[in-house]
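My request is simple: use the sequences and hints to build the entire structure.
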Amino acid sequence: MIIIELFINFGPSPIMVEDPVTSIDPRTGELARFAGALAGAAGAWAVDELTAGAIVAADETTEQAGLTPRERLYRELIRLNRRRALAAPPKREDDAPLRRAEDFARRVERLPLEDKEALLLVALARFSYEEAARALDIAPRMFAERVMRARARLDCGQPVAPPRRPNYLRLVK
Amino acid sequence: MTIADRDLHAFVDGELPEARRREVAQWLAERPEVAVRVAAWRSQNEAIRRLFPPASAFRPQPAVRTLPPAEDAIRDSDFRTPARRQRQRSANATAMVMIAAAFAIGAAIVLAREIATAPRLEPAPAVAVATVEPAGVAQRAIAAWRAYANDPTHAVEIAAGDPSLGEWLMKRTGLARTPEMAGARLVGARVTPGADRPAAFLLYETGDRARIALVVEPALGAPPTSASGGEIAARAWRADGFDHALAGPISRARLDSLAETLGR
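Protein chains in written order, with this note's numbering: chain A, 1 to 173; chain B, 174 to 437.
No lab work stands behind these hints, which were simulated from the structure alone. As the structure is a computational prediction, the values presented were derived from the model and not from experiment. C-beta: ideal position from N, C-alpha, C; glycine also. Hints may be right or wrong, so weigh each one.
[To be verified] With the Cβ distance kept under 10 Å, some of the chain A side facing chain B (calculated, not the full set):
1) 33
2) 49
3) 62
4) 86
5) 105
6) 106
7) 113
8) 130
9) 137
10) 138
11) 144
12) 150
13) 154
[As the list claims (entries may be wrong)] Computed footprint of chain A on chain B, listed as stretches where at least three residues anywhere in the stretch have a Cβ under 8 Å from a Cβ of chain A:
14) 175-184
15) 325-336
16) 353-361
Structure, rendered in structure tokens:
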């Protein structure tokens with residue numbers, strides 16, 4: 001009888017209701033890992049801000065043509081991080097050539113932002129070139145160039161192209 | 174056959190169609206010097222993944238909704254609307270109750286028949302089962318210390334002064350940074366067997382000539398525990414996606430203080 005009553009009275013199960021305090025958006029873990037790799041030097045607070053901000057922005061953004069939800073999420077994270085990087089004071093060492101004996105972690109951290117984004121999208125987030133190029137809104141060929149440039153810098157410690165500071169802002173008259 | 178750098182990078186990242194992939198592999202087989210570069214790029218990818226461990230390794234998991242242990246935690250289902258999620262949960266819960274009910278009824282019928290028909294049995298004799306605890310990183314560090322630390326000529330494979338040491342360790346073990354220990358100098362390093370993958374064995378020497386080994390290997394399973402074997406003690410901990418064990422013929426208190434200088 002108890003079993004039959006269970007069938008009759010069963011509604012949304014109380015044991016399956018999410019605790020608003022402990023429930024974490026399932027996208028958080030993967031995205032926080034990527035944010036940590038991209039902007040870990042800025043501190044844990046910045047990583048958390050980027051992660052949460054990207055999720056909110058991706059949820060609020062209306063459907064973008066040709067983008068999967070995952071690509072949209074990474075696009076928002078990268079956009080927010082570029083904005084953060086522009087606001088952060090520049091480091092003097094950024095343009096110094098990378099030494100071969102330097103720690104690998106430090107060399108990844110010091111990659112030019114665009115190259116680091118490309119390499120991390122492939123190596124860490126395991127995007128295909130096509131997916132990553134869509135997330136960055138660039139041509140796949142240009143994306144491949146960035147990956148090659150990042151690896152060349154990590155490989156030999158020397159820049160293959162003159163280092164430059166990314167400029168995402170345009171002058172508007 | 175023309176193979177450009179672009180093809181080699183696409184080869185590393187699994188971007189080539191199967192036929193082209195075979196061509197590049199064949200081409201690389203005839204050019205070992207290029208194959209080394211390609212292998213280094215693959216190692217870079219692996220080192221990056223180890224450098225930034227999956228989220229489950231450093232974030233507490235929620236009690237209600239748990240993430241899969243796999244690296245790619247974001248799934249299509251994560252983008253379902255709240256209404257769809259609620260419907261899915263209700264359906265799952267109903268299915269669980271139905272399965273539990275079916276088992277309960279079946280078990281009750283079987284139990285009733287057994288009680289009614291089975292003769293009383295003597296209790297079965299107890300069987301002793303011996304279990305062997307698998308060795309942890311601390312035990313491996315003690316064994317490696319015994320095998321190599323006091324070898325007068327070949328304690329390490331690459332000496333500390335060799336500029337290739339850091340890159341070699343990174344490629345073989347994923348260890349991106351050679352740890353520095355205050356109060357002890359690095360003698361050199363070698364690669365030793367780990368639980369799942371090769372481990373880095375770094376040998377240090379203190380001012381009073383005591384040799385201390387630090388074994389670092391990719392984190393696996395439960396967090397490591399410290400151990401001791403005879404005159405050798407080993408202090409173990411987990412950090413940054415790696416299990417560490419510091420072993421040597423010194424007191425635990427001194428091992429602790431040395432471990433602190435490693436950023437434990």
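Hints versus structure:
no.: 1; hint: 33; result: holds (5 Å)
no.: 2; hint: 49; result: violated (15 Å)
no.: 3; hint: 62; result: violated (14 Å)
no.: 4; hint: 86; result: violated (23 Å)
no.: 5; hint: 105; result: holds (4 Å)
no.: 6; hint: 106; result: holds (8 Å)
no.: 7; hint: 113; result: violated (16 Å)
no.: 8; hint: 130; result: holds (9 Å)
no.: 9; hint: 137; result: violated (19 Å)
no.: 10; hint: 138; result: violated (15 Å)
no.: 11; hint: 144; result: holds (6 Å)
no.: 12; hint: 150; result: holds (9 Å)
no.: 13; hint: 154; result: holds (6 Å)
no.: 14; hint: 175-184; result: holds (count 4)
no.: 15; hint: 325-336; result: violated (count 1)
no.: 16; hint: 353-361; result: violated (count 0)
Checked against the numbered hints listed earlier, the structure breaks hints 2, 3, 4, 7, 9, 10, 15, 16; every other hint is satisfied.
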